[in-house]
Each structure stands twice: as structure tokens, then as C-alpha cells.
Amino acid sequence: MPDAPTGADLLKTARSSLLKELMPHLDESLHRSALMIANAMAIAARELEEKRNSDELLCQRWNEHFSVGDIDEAYGGVPMALVDRLRGGELDHELNKLGALLQEHVVLRLRVSNPKYLKQAGLD
Amino acid sequence: MGINGVDLKVFAGEFIKRATKANAVKLDRFEQLAGGAVQENYAMDVELSGGVMPGLHQLVLRTDAVASLDASLSRAAEFEVLSVAWQAGVLVPEPLWLHVDEGELGGDFYLMRRVAGDASARDLVRGDLSGSQREGLLAQLGETLASLHGITPEKKTIGALPAPELPPAIRRIQEYRCTLDKLRNPHPTLELALRWLELNAPRKHRVVLTHGDFRTGNYMVEDGQLTGVLDWEFAGWSDPVEDLGWFCARCWRFGEWEREAGGIGPLDALLSAYERKAGWRPDVTQLHYWRVMATVRWAVIALLQAERHLSGEQPSLELALTGRMLPEIELDLLQEILPIAEKEVSNA
Chain D
24 MPDAPTGADL
34 LKTARSSLLK
44 ELMPHLDESL
54 HRSALMIANA
64 MAIAARELEE
74 KRNSDELLCQ
84 RWNEHFSVGD
94 IDEAYGGVPM
104 ALVDRLRGGE
114 LDHELNKLGA
124 LLQEHVVLRL
134 RVSNPKYLKQ
144 AGLD
Chain X
865 MGINGVDLKV
875 FAGEFIKRAT
885 KANAVKLDRF
895 EQLAGGAVQE
905 NYAMDVELSG
915 GVMPGLHQLV
925 LRTDAVASLD
935 ASLSRAAEFE
945 VLSVAWQAGV
955 LVPEPLWLHV
965 DEGELGGDFY
975 LMRRVAGDAS
985 ARDLVRGDLS
995 GSQREGLLAQ
1005 LGETLASLHG
1015 ITPEKKTIGA
1025 LPAPELPPAI
1035 RRIQEYRCTL
1045 DKLRNPHPTL
1055 ELALRWLELN
1065 APRKHRVVLT
1075 HGDFRTGNYM
1085 VEDGQLTGVL
1095 DWEFAGWSDP
1105 VEDLGWFCAR
1115 CWRFGEWERE
1125 AGGIGPLDAL
1135 LSAYERKAGW
1145 RPDVTQLHYW
1155 RVMATVRWAV
1165 IALLQAERHL
1175 SGEQPSLELA
1185 LTGRMLPEIE
1195 LDLLQEILPI
1205 AEKEVSNA
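The listed protein sequences derive, respectively, from chains D and X.
Residue numbers for the first sequence follow this note's numbering, beginning at 24 and rising by one.
Residue numbers for the second sequence follow this note's numbering, beginning at 865 and rising by one.
These aren't lab readings, by the way, just hints derived from the structure by calculation.
C-beta atoms are modelled at their ideal positions from N, C-alpha and C, and glycine is treated no differently.
The reader is advised that the hints may include incorrect statements.
What the hints assert, rightly or not - Negatives, chain X to chain D, calculated, CB over 12 Å:
(1) Ala886
(2) Arg893
(3) Glu904
(4) Trp961
(5) Leu962
(6) Ala980
(7) Ala1010
(8) Leu1044
(9) His1051
(10) Val1071
(11) Arg1114
(12) Gln1150
Unchecked claim - Footprint (simulated), chain X over chain D, 3 or more residues, beta carbon under 8 Å:
(13) 54 to 65
(14) 109 to 120
(15) 131 to 138
Turn these sequences into a full structure, and let the hints guide you.
Structural data, given as C-alpha cells:
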């Protein structure tokens, strides 16, 4: 059990403080930097809260659908064999299936990095 | 400021004096302009006495920044391309003089006439231009791009640009795969898109002089009128639709997705003007193909920018956040190419 408040809570609170308390006193030339910092804090907070590991999910699905064999942890869980098979044309008739699986993975990553983008893309 | 300890302002003033055979040069302004991670631009106002160009001149001096990209042209090459474009009537800042350094300064630079207006993409896209102003601007952009694309390797030799050996699409696919192979992780969504691009590569293509970074943010606008196309460091011989695809890709609409042409307005306004000038109209399939290629390119650029941060070469929050844009770009790609029709797979 982590100490409370959690890291995600701290980040959210710090971000709110940055935007509400500090930002109004910053010179306009620094606003872009402040907004970038706020954005980075929001991503980090969402990442800490996200229970699902998008790479694990992807690897599991790959093995279910494409029997790619062992997952190479050194490559962030992405099987190199899959890339080789794609380039070699072995998966040409399964591109839609692979695309749907990858989109599922992308959606999970966007829930962390930019949930608004999903909404704009009609996926939320 | 200076390069190798030489004051750039003083050096440039003396250079202009020699280039124009002026009796005297008075520098009224010399200040760095915003932007330009790869190149630095300085606004320079000079008053020349005597010589071949007496009077007041508003100029821009362009030189290399510390960071550089392998794929970008040298300043000398860029000056040559800009000169060819200017002579062909493309709306660009008039190129004036090139300094090729022989060790006295430590870097090349060139001077061009400063054009009026603003290049800020977000201001332009979200600004208060009327519908007819937007269509008028797109018409100017379409015409100026068609003028540029009228320059072909058969008509014009450009020493700085080697003649292409492979079809443009195949060259790009090879280039992007090669870059991905050098990065730390595989990227299956980009690999999927590259395979789709390979399967659907155009069987016929034109090769013309392309800008290589023709997008909103890289041209100047004043009162809704195009005043000049900037940033020519990625120019080369390629398929003309590559420029149009880059301009229209979702990543360069700055959030205004429904305005398909660069976030400015309707695609037809751009393509109709292009067709009037060029005598042909890129079709929907070609444009779709090069939009996908553009999106892959932006993903590769984002990964390279993130790598500069991750490797410790240039720790930067902006570069780090660009890396976290990858899922957005991948979603753009998947929404562009899915579902893949059977005939798109059987093209190989």
C-alpha cells in the first residue's frame, strides 16, 4: 500500500497549483512553457493511475492471433518477428485484423497521453 | 552573437558592403527571429549608400543553428533552390547573396529580402479570416505550388540536388524503414502503414522540384494574402503530390480537421487553383496515398525528436512531449488506411 496521497494525486494537485496560482503571475512569454509542464504532469498522473498495461495486452493478443512466439522484453514487449513478417508480406491478408488490434493498443495509449484526441477522432 | 568568435552582425554588414559595392552600410536592426531549431534567422535592416543597391533594405539573414538534421539541405544548396524557385515565379522571398565560408566565420549564410506578414499556424488556422479569404489564400497556395512543380529535372539542373534514382514513393519507404531500424523499439503500426504504402505505391509518377515541408506555418500571410513560402531546407526532386499530401495531412491542420487543406479551408479551393496552373489535377487516390506517407514521415520525425531527448543529446520537455504524440499520429494513420480493401493487398 503506497503512502497517501499517491504520486498521481500529488501530480494533479501540483498541476492545479501551477495553472491556477502561478500561471496568472507569469510573463506571457513563459505561458507556453508552463502549459507544456502542465501537460507533462497530466500525462504522468494518468499513467500512474492506468491499471492496464497496453504492451502486455498487445503481446497477449499477438500471441492469440498471430502465434509470434516468445515476446522479447528487450523491445518493449513488441515481437521483432512480427515486424519481419509484416515486411516480408506474410501478413498481407491479415492486415485488417492486425490493424484492428493495433488500434485497440493505440486507444489505450491515447487514454493516457491525450484523451481529448480520442473524442475528436470519434472513439470516446 | 557570432560564430567562432566573429561578430555575425559586423561580418554580415561588411559582406553586404562588398556584395553591393556600397560606399557605406548603416545597420539599423539586427535581431534573431523566433523559431528555427535547425536554422537561425535574423531580421536585418540596412541602409546602403552608393553601389548597385542604394537605399533602405529589409532583409533576413539565414544561417545554421547548432542542431542540424541529416536530411536537410546546406545553406548553399537551399540558396540555389530558392533562386531557381524565384526565377520560376514562385512566391518566395527574393534571394540576394550567399556567403560560402572559407573559415573566416565558421558557417555559411545567405541573405534574402524580408517579406511582410506572419507565419503563425495557429493564429492563421483559428483566426478570423472569412470563408472567401480562406479560399483565396488556398488558391494562391495552389498556384504557387503548381509553379514550383513546373520545374523538372529534365528542364533544370540543380547542382545541389542529385537526380533521383528510385521512384519517390519507394525511396521514402526505404528511407523511413532505415530510420526505424536505428531506433530502440519496433513500431508495428508504422510497419503496417509502410507495408500498405509498399503494396499501393503508384505505378506511374511524375518527378518535379518539391518544397518538402509545404505546410501551414511555413508560409507568410498578410491581410489574408500569401506573401512568401519559407523554409526550403527539405526541397528535392519528388512526386508533386507529396507536397500536397503533407499540406493536407491531419497532423498539419492544427486541430481544425474539417478544413482538409492545411487547416485553412476546403480541399477543392486548393486543388482547383493547382489544376488551373498545372494543367492537371491530383486525384483522390493519389492524395490519400501521400497523406498516409506524410503521416508516417511525421511519426518518424516525432520519434527522432524524442530520441534526441532520450539519448541525452538534447534534454528538452518539448522534444519529450513530441515523443508522446506518437499514439495520436498512429491513430491518424490507422483511421486513414483501415479498413484495407482486398484489392489494396493484391496490388503487389
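Classify the label on Trp961 (chain X) as holds or violated, using whether its beta-carbon is more than 12 Å from each beta-carbon of chain D. 33 Å, holds
Measuring Cβ to Cβ, find out whether Ala1010 (chain X) lies farther than 12 Å from everything in chain D. The assertion about Ala1010 (chain X) holds, with a minimum of 32 Å to chain D.
Going by Cβ atoms, does Glu904 (chain X) stay more than 12 Å from chain D at every point? The claim holds: Glu904 (chain X) sits with its nearest Cβ about 19 Å from chain D, beyond 12 Å.
Is it correct that the beta-carbon of Leu1044 (chain X) has no partner in chain D closer than or equal to 12 Å? Not fine: 9 Å to the nearest Cβ puts Leu1044 (chain X) too close to chain D.
Does Gln1150 (chain X) sit more than 12 Å from chain D, CB to CB? Non-interface label stands for Gln1150 (chain X): nearest chain D Cβ at 21 Å, farther than 12 Å.
Was Leu962 (chain X) rightly flagged as not at the interface, with every chain D Cβ beyond 12 Å? Nearest chain D Cβ is 33 Å from Leu962 (chain X), so the label holds.
For Arg893 (chain X), is the shortest beta carbon distance to chain D beyond 12 Å? It holds; Arg893 (chain X) is separated from chain D by about 20 Å at its closest Cβ, greater than 12 Å.
Establish whether the coverage given for the segment 54 to 65 of chain D by chain X is satisfied; the threshold is a Cβ-Cβ distance below 8 Å, and no fewer than three residues must meet it. Held - the segment 54 to 65 of chain D has 5 residues with a Cβ nearer than 8 Å to chain X, which meets the minimum of three.
Ala980 (chain X) clear of chain D by more than 12 Å, beta carbon to beta carbon? 24 Å, holds
Least C-beta distance between Ala886 (chain X) and chain D, which was stated to exceed 12 Å: Nearest chain D Cβ is 37 Å from Ala886 (chain X), so the label holds.
Tell me if chain X covers the segment 131 to 138 of chain D under the three-residue, 8 Å CB rule, please? holds (count 4)
Is the listed coverage of the segment 109 to 120 of chain D by chain X valid when you require three or more residues with a beta carbon under 8 Å from a beta carbon of that chain? Since 8 is at least three, the answer is holds.
Of the hints listed earlier, those the structure fails to meet are numbers 8, 9, 11, in rising order.
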